[in-house]
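A.B. asks: Here is what each chain is made of, one letter per residue.
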Amino acid sequence: MSESTHKLRHFHGGLQLPRHKEESTRDPVLPIRVPSRLVVPLRQHIGESAEACVQPGEQVFKGQVIGHCDTYIGAAVHAPSSGRVVEIADYPVPHPSGLSAPCVVIETDGRENWGECRMAPIEDYLHADPVILRNRIREAGIVGLGGAAFPAAVKLTPRPGQALDCLIINAAECEPYITCDDMLIRSHANAVLEGIRILKQALQPRCCLIGIEDHMSAAIEALRKTLGGDEAEGIHIVPIPSLYPAGGERQLIQVLTGREVPSQGLPADIGMVCQNVGTAHAAYRAVALGEPLVSRMVTVTGRGVHHPRNLEVLIGTPISELVAAAEGYTNEVYRLIMGGPMMGFALPSDGIPVVKATNCILAATEEDVAPPGPVMPCIRCGECAVACPAQLLPQQLYWFARAKDFDKAQDYNLFDCIECGCCAYVCPSNIPLVQYYRFAKNEIWSQERERQKADIARERHEFRQARLEQEERDKAERLARKKAALAAKQDDGADDPKKAAIQAALERAKAKKAAQQTEQANSESADKEPSR
Amino acid sequence: MHFRTQSSPHMTPAHNVGQVMLRVIYALVPGTLAMTWYFGWGVLINVVLAVLLAVGMEALMLLMRKRPVIPTLGDYSAVVTGWLFALALPPLTPWWVTLVGIGFAIVVAKHLYGGLGYNPFNPAMVGYVVVLLSFPRELTLWLPPMGLAEHNFTPLQALGAIFLGQLPPGLTWDAITTATPLDLMKTELSMNRTISEIRENPLFGDFSGRGWEWIGNWFLLGGIALLFMRVITWHIPVAVLGSLAVTAGAFWIFDPDAFASPAFHVFSGAAILGAFFIATDPVSASTTPRGRIVYGIGIGVLIYAIRTWGGYPDAVAFAVLLMNMAAPTIDHYTRPRVYGHNPPPRRGDGSGP
Chain C
13 MSESTHKLRH FHGGLQLPRH KEESTRDPVL PIRVPSRLVV PLRQHIGESA EACVQPGEQV
73 FKGQVIGHCD TYIGAAVHAP SSGRVVEIAD YPVPHPSGLS APCVVIETDG RENWGECRMA
133 PIEDYLHADP VILRNRIREA GIVGLGGAAF PAAVKLTPRP GQALDCLIIN AAECEPYITC
193 DDMLIRSHAN AVLEGIRILK QALQPRCCLI GIEDHMSAAI EALRKTLGGD EAEGIHIVPI
253 PSLYPAGGER QLIQVLTGRE VPSQGLPADI GMVCQNVGTA HAAYRAVALG EPLVSRMVTV
313 TGRGVHHPRN LEVLIGTPIS ELVAAAEGYT NEVYRLIMGG PMMGFALPSD GIPVVKATNC
373 ILAATEEDVA PPGPVMPCIR CGECAVACPA QLLPQQLYWF ARAKDFDKAQ DYNLFDCIEC
433 GCCAYVCPSN IPLVQYYRFA KNEIWSQERE RQKADIARER HEFRQARLEQ EERDKAERLA
493 RKKAALAAKQ DDGADDPKKA AIQAALERAK AKKAAQQTEQ ANSESADKEP SR
Chain H
935 MHFRTQSSPH MTPAHNVGQV MLRVIYALVP GTLAMTWYFG WGVLINVVLA VLLAVGMEAL
995 MLLMRKRPVI PTLGDYSAVV TGWLFALALP PLTPWWVTLV GIGFAIVVAK HLYGGLGYNP
1055 FNPAMVGYVV VLLSFPRELT LWLPPMGLAE HNFTPLQALG AIFLGQLPPG LTWDAITTAT
1115 PLDLMKTELS MNRTISEIRE NPLFGDFSGR GWEWIGNWFL LGGIALLFMR VITWHIPVAV
1175 LGSLAVTAGA FWIFDPDAFA SPAFHVFSGA AILGAFFIAT DPVSASTTPR GRIVYGIGIG
1235 VLIYAIRTWG GYPDAVAFAV LLMNMAAPTI DHYTRPRVYG HNPPPRRGDG SGP
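Heads up: the sequence lines are chains C and H, in that order.
Each residue of the first sequence is one higher than the last, beginning at 13 in my numbering.
Each residue of the second sequence is one higher than the last, beginning at 935 in my numbering.
Derived by calculation from the structure, the hints in this document are not laboratory data.
We put the CB at the ideal spot given by N, CA and C, even for glycine.
Mixed in with the good hints, there may be bad ones.
Partial selection, computed: residues in chain C whose CB lies under 8 Å from chain H [claimed, not checked]:
no.	residue
1	H24
2	G110
3	E272
4	V273
5	G277
6	L348
7	F357
8	A382
9	G385
10	P389
11	L404
12	G433
13	A436
14	Y437
15	C439
The following block holds chain C by itself, in its conformation from the complex (with noise of 0.2 Å):
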């Protein structure tokens, strides 16, 4: 369809919440200088750790491969910026438990020196094969920055036989506070354009949409003008209405297309895949100037911050950093968060690295996150309902969960939750709801977990017992026929090959014996018996 104005739909509940968008949005993007130590996760995606190509004192070049990943869900790690490797040990990494993972710990030496490690450009990539594209992208290490990290080249990969419908470029920044996908939209609208045409050349898909909420205007207008216009080369500019959580995978393509991405399946389940605008930008580096992922673009924002701003960011740079850049803490500062507040999760502290998921640090005060009081008992009110943009029943989940009633909740679709937070956000009872929903998940797991252990141990002991038995029905019958061959031996001292002779001597032997000894012999020969 063609008419300039695209048809939108609407996801079930959503909400409008307090945008707090301004505040980091007034001046230009920083980039920040190079830290004198950068931290780097070896595992900084969806998928398997990648592996540690370089050894604690080898100088490193910036865009040198300093993690590979082998497995089809991974993605290589790159040095950030030249000089040397200092160490490879865990230290702590941004994780909603806090846990400390191996890094590559570099001590850079401020030159920036790419030496041979830039990857060629790649010459006409908007009409290059689809397949050097998608492993450009994966070299370069690309993971999805809209803050999920998944694998880009993974997404990129059609499925055999399947003409993909629509690319959806996911601009809708529709959590609070965080700008990073909006000025660097408004920075690099044309990087960010290529990048597009990169990911649809690379797809191939009948159509392109990018779905940007429409507060977002000195971003959309930036992306008309290079554009030339709401719709060109088969790109789709569609301004979409401001509510959370308008930017999620799932709500987006429903808002876009009225299409719903099945329970538990893929958006390539309906012919569809969702790349953040970030992403289309990393992608355009990585063909059209042959540099991997080593930076990206984060919010420092909250009234924690003097300053709040967006900062061009080296992955590994420690959080402090990046707080330094905004002119520091304010007085109130009360929780440091990674990501938007209602699906970040808290850091512990600041000497924590930027990952390549990293697209808000938000600096808030008590004020902002402080529950306003006790929690009080769920009085059933339902307004968690008309908020849930899964159109799931979380007062119900809720009491099952609470209950310990697994099956219950799982009846009741707890898995398709996507712990937007909007239930626990309109709940007058001030209840953490998504806590229980993040509970009942992880209890459900490691009972699943539990399960598959207790099959396998079950399985590896029916497979003992079997062998076991197996080994002395084996054993009986060789001794058996030790004992036969023994006995037509003793008796006719013959040595026939052949089975019927054996069986005939026996027959003789039998005979003779019945005939002529005691019935000592008989029950001799009544032994073999069972054994053939």
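On the provided structure of chain C, position chain H as indicated by the hints.
C.D. replies: For chain H alone, coordinates are given in the frame of chain C:
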């Protein structure tokens, strides 16, 4: 620098239970004042007494259950329970009836089940049904509405009647009390009088009972305010009043002389109060959108059935309690279709080029 961590979301929620209940209380004010206007100071005294008793008993139960008293009282749910209970009482109900009713509402129907959020039945209605069944005489001591009453009670006289059972000299209970329009309609219909004859009675106003119709309007106003404040959704009130009107309308069209009009049913007794304020009690109602419609229709039809063929002139309390019982089952069968489950057939696709 180190920080304390906490699980998401990290945004201060927008509402709390106390605010919700306070809004319900504000919305009850116009109707309560109208009721006081038509039926005298006794209405207000009942409300104050019931609220004080409810809050007192709530505090006592919380103390005995070793629960935080002040934060829990701050949810104002006891105030709402006491207030709704009082609105169901005749204006000069003796104080001990209120005591017994509130006792059952707060102690038995609410706290013995585990307190706010755990009660399967609407506490105010449990209290009301208990006193209605236990003290039928006291619960029929309705006064005629203003304009028909021969004696207007001063606040002191009302206090005397409620607390000491004393009427001003020269008055007897029989002389001052009268039937409610619903009551009258029921008894007269049972004596085979026609509706048009019955409506000759001065108790009837333009389309319902005199006074009652205006009280209904004011509660309706409060209810609409609740809708706009998004304290309640439209499902239950529309389903209750809609099904009551449709059921009444069907019988009325069939025989307008033997069955009262839909307007009479909707604006009489506690129908509007019940539809907006009682049936919408979230704890004991159905909680799914479709379930709320089923639940409301059940209440509306039951109100009509009990009023018309049952033993009581008004039936909101019984209808609500009966549907409370059905709420969990209704919830089970009216779950919404979850995102991504059996998606509806694909319509014309707007995404294609």
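A.B. asks: Run every hint past the structure and note whether it holds.
C.D. replies: Hint-by-hint comparison with the structure:
{"no.": "1", "hint": "H24", "verdict": "7 Å, holds"}
{"no.": "2", "hint": "G110", "verdict": "7 Å, holds"}
{"no.": "3", "hint": "E272", "verdict": "4 Å, holds"}
{"no.": "4", "hint": "V273", "verdict": "6 Å, holds"}
{"no.": "5", "hint": "G277", "verdict": "7 Å, holds"}
{"no.": "6", "hint": "L348", "verdict": "5 Å, holds"}
{"no.": "7", "hint": "F357", "verdict": "6 Å, holds"}
{"no.": "8", "hint": "A382", "verdict": "6 Å, holds"}
{"no.": "9", "hint": "G385", "verdict": "6 Å, holds"}
{"no.": "10", "hint": "P389", "verdict": "3 Å, holds"}
{"no.": "11", "hint": "L404", "verdict": "6 Å, holds"}
{"no.": "12", "hint": "G433", "verdict": "3 Å, holds"}
{"no.": "13", "hint": "A436", "verdict": "5 Å, holds"}
{"no.": "14", "hint": "Y437", "verdict": "5 Å, holds"}
{"no.": "15", "hint": "C439", "verdict": "6 Å, holds"}
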